[in-house]
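So this note's numbering is basically just the index in the sequence shown, starting at one, shifted up by 4.
In short, the hints are calculated from the structure, not lab data.
Don't take every hint at face value.
Unchecked claim - Here are the computed lysine to any residue pairs in the SDA-like style, where the Cα-Cα straight-line distance is at most 20 Å: (1) Lys94 with Thr17; (2) Lys91 with Pro70; (3) Lys59 with Tyr87; (4) Lys59 with Ala30; (5) Lys94 with Phe27.
These figures come from a predicted structure and were not determined experimentally.
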Amino acid sequence: MTNLAIRTGCILTIEKPYFSGSFRNAKFIGAQPLVVEVLRHSYGQKRGQHTFTCKVIEIIEALDLPSAHQVNEKFRIKGRNLYPNVKNHKQGQESIAVSY
Numbered sequence: 005m006t007n008l009a010i011r012t013g014c015i016l017t018i019e020k021p022y023f024s025g026s027f028r029n030a031k032f033i034g035a036q037p038l039v040v041e042v043l044r045h046s047y048g049q050k051r052g053q054h055t056f057t058c059k060v061i062e063i064i065e066a067l068d069l070p071s072a073h074q075v076n077e078k079f080r081i082k083g084r085n086l087y088p089n090v091k092n093h094k095q096g097q098e099s100i101a102v103s104y
């Protein structure tokens, strides 16, 4: 059985969306394709959600946005925001080691 879970060491190609404005009145301003490495992951039992710390390895398409990420920059992202934006997933050693 193949384990497709996102864990430490996984390399992901994602399309990270960017928004402007307030939380309640956000406006989509673009999506930046990135290749990232998952540095850490945690699961919060209280809220029941996964959180990932990622490091930008490559910028596939640069966006002219003040908030756009740069190479080697780290950022945190919730699983609910990461999962639908993953375009490619290369398993890391931690994911390969876990068997069910």
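Straight-line alpha-carbon gap Lys94 to Phe27, limit 20 Å: violated (32 Å)
20 Å limit on alpha-carbon distance, applied to hinted pair Lys59 and Ala30: Outside the cut-off at roughly 25 Å; violated.
Are the Cα atoms of Lys91 and Pro70 separated by 20 Å or less? violated (24 Å)
Sort out whether Thr17 lies within 20 Å of Lys94, counting only the CA atoms. holds (9 Å)
CA of Lys59 to CA of Tyr87, is that 20 Å or under? Answer holds: Lys59 to Tyr87 is near 16 Å, not above 20 Å.
The structure does not agree with the numbered hints 2, 4, 5 stated previously, though it agrees with the rest.
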